[in-house]
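These are the residues of each chain, in order.
2 protein chains.
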Amino acid sequence: MEGVGVDHLAHERKKAEFDVEEMKVVWAGSRHDYELSDRIARLVASDPAFRKDNRATLSRKELFKNTLRKAAHAWKRIAELRLSEEEAKELRFYVDEPAFTDLHWGMFIPAIKGQGTDEQQQKWLPLAYKMQIIGCYAQTELGHGSNVQGLETTATFDPQTDEFVIHSPTLTSSKWWPGGLGKVSTHAVVYARLIVNGKDHGVNGFIVQLRSLDDHMPLPGITVGDIGMKFGSGAYNTMDNGVLRFDNVRIPRDQMLMRVLQVTREGKCVQSDVPRQLIYGTMVYVRQTIVEDASYALSKAVCIATRYSAVRRQFGSQAGGSETQVIDYKTQQSRLFPLLASAYAFRFVGEWLTLLYEDVTKRLAANDFSTLPEAHACTAGLKSLTTSITADGIEECRKLCGGHGYLHASGLPELFAVYIPACTYEGDNVVLLLQVARFLMKTVAQLPSGKKPVGTTAYLGRVQYLLECKSDVQNADDWLKPAVVLEAFEARAARMCVARAQALSKFSNPEEGFAELSADLAEASVAHCQLIVVSKFIEKVQQDIPGNGVKKQLEILCYIYALHILHKHLGDFLSTACITPKQASLANDQLRSLYSKVRPNAIALVDSFNYTDHFLGSILGRYDGNVYPKLYEEAWKDPLNDSVVPDGYHEYIRPILKQQLRNSRL
Amino acid sequence: MEGVGVDHLAHERKKAEFDVEEMKVVWAGSRHDYELSDRIARLVASDPAFRKDNRATLSRKELFKNTLRKAAHAWKRIAELRLSEEEAKELRFYVDEPAFTDLHWGMFIPAIKGQGTDEQQQKWLPLAYKMQIIGCYAQTELGHGSNVQGLETTATFDPQTDEFVIHSPTLTSSKWWPGGLGKVSTHAVVYARLIVNGKDHGVNGFIVQLRSLDDHMPLPGITVGDIGMKFGSGAYNTMDNGVLRFDNVRIPRDQMLMRVLQVTREGKCVQSDVPRQLIYGTMVYVRQTIVEDASYALSKAVCIATRYSAVRRQFGSQAGGSETQVIDYKTQQSRLFPLLASAYAFRFVGEWLTLLYEDVTKRLAANDFSTLPEAHACTAGLKSLTTSITADGIEECRKLCGGHGYLHASGLPELFAVYIPACTYEGDNVVLLLQVARFLMKTVAQLPSGKKPVGTTAYLGRVQYLLECKSDVQNADDWLKPAVVLEAFEARAARMCVARAQALSKFSNPEEGFAELSADLAEASVAHCQLIVVSKFIEKVQQDIPGNGVKKQLEILCYIYALHILHKHLGDFLSTACITPKQASLANDQLRSLYSKVRPNAIALVDSFNYTDHFLGSILGRYDGNVYPKLYEEAWKDPLNDSVVPDGYHEYIRPILKQQLRNSRL
Ligand SMILES: Cc1cc2nc3c(=O)[nH]c(=O)nc-3n(C[C@H](O)[C@H](O)[C@H](O)COP(=O)(O)OP(=O)(O)OC[C@H]3O[C@@H](n4cnc5c(N)ncnc54)[C@H](O)[C@@H]3O)c2cc1C
Ligand SMILES: Cc1cc2nc3c(=O)[nH]c(=O)nc-3n(C[C@H](O)[C@H](O)[C@H](O)COP(=O)(O)OP(=O)(O)OC[C@H]3O[C@@H](n4cnc5c(N)ncnc54)[C@H](O)[C@@H]3O)c2cc1C
Ligand SMILES: [Ca+2]
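Protein chains in written order, with full-length UniProt numbering: chain A, 1 to 666; chain B, 1 to 666.
Keep in mind that a hint or two might mislead.
Repeated chains share a single entry, so a pair holds when one copy, or any two copies, can fit it.
[What the hints assert, rightly or not] SDA-like mimics (lysine to any residue), calculated; alpha carbons at most 25 angstroms apart, straight line: (1) 536 <-> 643; (2) 658 <-> 472; (3) 76 <-> 51; (4) 536 <-> 48; (5) 362 <-> 18; (6) 637 <-> 59; (7) 470 <-> 585; (8) 330 <-> 9; (9) 268 <-> 114.
Treat the hints as calculated values from the structure; they're not laboratory data.
Let's have the full structure, built from the sequences with the hints guiding it.
Okay, structure coming up:
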């Protein structure tokens, strides 16, 4: 695949018991998606303008300018090659560097689409599509994040001039965090409290121009800048997350996004007939893409750690032979293979979420809101679960690489630094779990009334059975039966939900009860979300899957995914008596045996992600396994090695050695 | 404490139910230690030469030079102020920046002390103490880390010239990682295979001069440089971790460290009467300091997250009042307070380890090696446990700060990046757990022979009782009885050890069994180590502790520590039937109530660490809680804000906006 030279992992690739090319198609989603991503990934990888191995040594200014350069180059290539929307998106994905374009395409345009009237869309979208304006999404403030209803920025209607006056009344009302805001965006969708006739109508979106289209200077009344360095080197520092203050900035009335709520010329607030629930549709969409991204980020980390674990040898040499590959240690397997399985699991649940989103969209168009709360809770929960596991999983992959994982050249430090905010943005993961818990408690509370739970909560409709059932497992192989595994996970989630609902009912004030028990409630949400992932993985492997041995490998990964969770959350399963300690021990035996089965296929399973060395950005994860010479080569490129004797020797080292500092002691 | 101005956390400080000044003494270890650290911390904080808030924006070269400058300044101040050894060490600690001096004082000198003969010590130590030479510790190689016996560098005795020839036979034998090696050290203790008369005598240490004392140029045959960027910005990039290759470099015979093994003029290898076990003494010492450092790092993170959680408000405002402090959310408490308790727990177990080390040293002097294996296993296990929890805990603290935790200015990104290698160096944490497991299995295997387990394994002597006992807990308050908690932890650890030993005995080949079950064995080690921490915390709170309310707070933290582990590892406790699900649920109720008790004392409990704002290095963790104005101020200092219109606008942004790139499409 990559270049020429020796393939140090060839012996590993020979061990594979399945058709790797077919697995690539499964991972990509379809043959079309596979060919598309393969083509665009190579296009990016082969273009020197997109190199990214130098990010760590660039200063903040150089780094940022470099990102601007890449964005312009990408835009140019998209035009030159006449790429379709789909191809352009894929290209931005493989450029693999946070940039203002993410927010322009991913938040600014969708906000106008979702919240703008038809006229507003007709006016603004063509400008945005052609990038004649560049936009960002300015919601969060210095003092206000998760609680959007608490935002302080005001948009006061002035009937005299038919304008809104956008204002930052306090320091804490400064907009803070929006990506692309600090240095690039000409426009923003700004969220502010709508004040009409002295009355506060809550938070709404407004299109506000920030900078002159002539010379890029901030418009009068606008103070804007970058909020400074973030986690790590390279990573998210390519992005100009910004701060923004308004000193009574005036915008025309028609720049309030009025799809749902309108302000008339006379200053009347009129609710349109478009239902408010529409915004949940957008959230379902955005969170589905985050789940997809989780599978990409985790699979990158797993790919690096798996390949390096096959290259790295440590201990166990017999009679001068080579040492044991660390991937052969059961501790290494028990840390690595569940993450490999999770990457696949998240990929498939993400794929299923796209179907869910299509379904939601269709229903919304038909004014059917019945499944929306469930779909919303489901995506909120899966966003939380998959991003948390991915963030921790990347760091675990780094540890799996021992000392060398700590080198920037391993790719893992930057992957971690760039990934972790996914646990915070688009909903703090804990806040999201509590939302899921609210939905679950409501669902349980409504069971007696006969209301049938839908979609991913349908199992709660069988709660009587699930409270009483006993697992049939008698030997380790029973844990390879889909129905057995599914029932254990359903019983656990159902029993945890019911137990929490009962505990809540003991409080006279339900809100107090919810607050007091919130940590336990969040655990029930996790159990529910894990059940979703397990059940979607099982559904996937029950489909027809072509390719020699492909389905077999996916089954193995599916059971690893389920049984490792069972082991990790054993307390849940045992305290609710869903399984016995003996059955738990059999599950653990089965898990060990599954690790042995996946072992010979491990390299091929990460090859199936079809990542180029450019995209991986890791010397440890190189396709050809030629790690040591390349690490050695790379070291000498560090600026510190520009001179043999370091800058500072004469001022600071020599005086110590020559006792010129200690003389003052005498 | 810090400066003037308003104290935004004054209302929190008023809530404290204990004497903070007395708690500071407890945390420091003694009044002497408190006064010492307080004085030196202020000395460093008030010296502008030691500022560290600019690390993230310095280029690698500037950063490194800056560290050299600080090291020289520190050395100068130590001389000017005639600081004692103890004070000098404290000063380096509060300068709080990885530097070559860490390895010189922490590894090079101890290696010579531990492995050098009396004559060697007399020759080299005075030079090192005065820093007329600067040394590092060169063990790890590009291809060899954990398995020290696998090192490839050779030291071949040449009887003709009475020298050793140090050589790097392969690329993978290049020394790789040693701190201080890349650019600074004049000398190194190099570990190499001793070859005498063609026979390999295993790995030994050698003092090798690397650079000229005249002009700092590498000596002939030596290739040396920096290995490049590591995780994060600032952080460990202040250190010149290095690469080193030898091309037949000759050193005099008397530069082999010969305390244990000697090579005579004639080329005979003679074992001295100094027992090999001595090296374990050094390992006990080094790992004890790592446990101590874990408590410092974790307490820093907890201090930042706790203060900010009291400043940060989100949701729950009633009728225009201010929102709820996020520290009042039970989910926040259930994530934060166990880490607060862990910081104290690690502090006390670290304190106890210093006593253990004193005991070991005394016994070694008296040729009593009986407790050494137990002491060694104990420190290995505690190093693994405390560093793993601390690494994860820092990241959890960052997440607890929401979006702002992701800013470099929060201090948490750099704290994480600089801390995490502690999980890898001085023994990979998983490899260490497996060593502990070996010791535990041996201990269990020897029980039938009547051999009494000592020290931290003494409880295994009561294994019969522990296999049968049943927990007496009947209500939540029973979980506040030391004996009850201790018995549950002892029973869990004992039962896990015995179960693993039984599983092992089913294998005909014990090594195969150990390999196959290693993941489960590592879990038994964790259970054992957690028991040690719990028992030492309980011992601590059973002592006389002066100060109003101090003991009470420590008791609360002690039970939080124990019960949160019980909750997290519930599967262990239930599968071994140490407690019932009902008792587990009572423990959880108790835990929630303990969180409420610690809540009003939380700020005072982190104030008790007595950290200056300089040492904390975090705007979110500021003593005065004046977070928002300072974040705002800080943002404008980023180099990107040097100009309003960013560098790159004309080349890369304007052409996009003006459609000059898309023209090529037509
Ligand atoms: C890299 C990055 C990019 C971003 N990009 C944008 C952008 O483009 N546009 C934009 O508008 N914003 C952006 N943001 C901001 C982001 O959306 C917010 O940071 C996020 O919503 C979290 O809110 P917060 O920071 O206020 O966290 P907080 O809510 O303050 O969280 C702090 C702690 O409080 C806890 N907490 C809060 N509320 C509750 C509750 N009710 N119950 C229990 N616990 C609670 C949380 O769990 C957390 O532990 C970005 C942030 C980052 C880090
Ligand atoms: C910041 C930093 C500073 C350092 N400073 C120094 C220094 O000053 N001097 C010096 O000499 N060295 C130094 N080192 C090197 C350090 O000591 C090694 O990195 C460390 O010993 C781990 O070894 P490794 O890198 O070979 O990891 P590996 O052993 O290769 O670990 C890779 C993986 O294999 C697993 N593994 C390895 N062996 C086994 C086994 N037997 N059973 C099960 N699993 C196994 C590990 O758990 C890990 O997951 C430093 C390293 C770092 C990161
Ligand atoms: Ca894709």
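Which earlier hints turn out false for this structure, listed by number in ascending order?
-> Hints 1, 2, 4 and 5 contradicted; others consistent.
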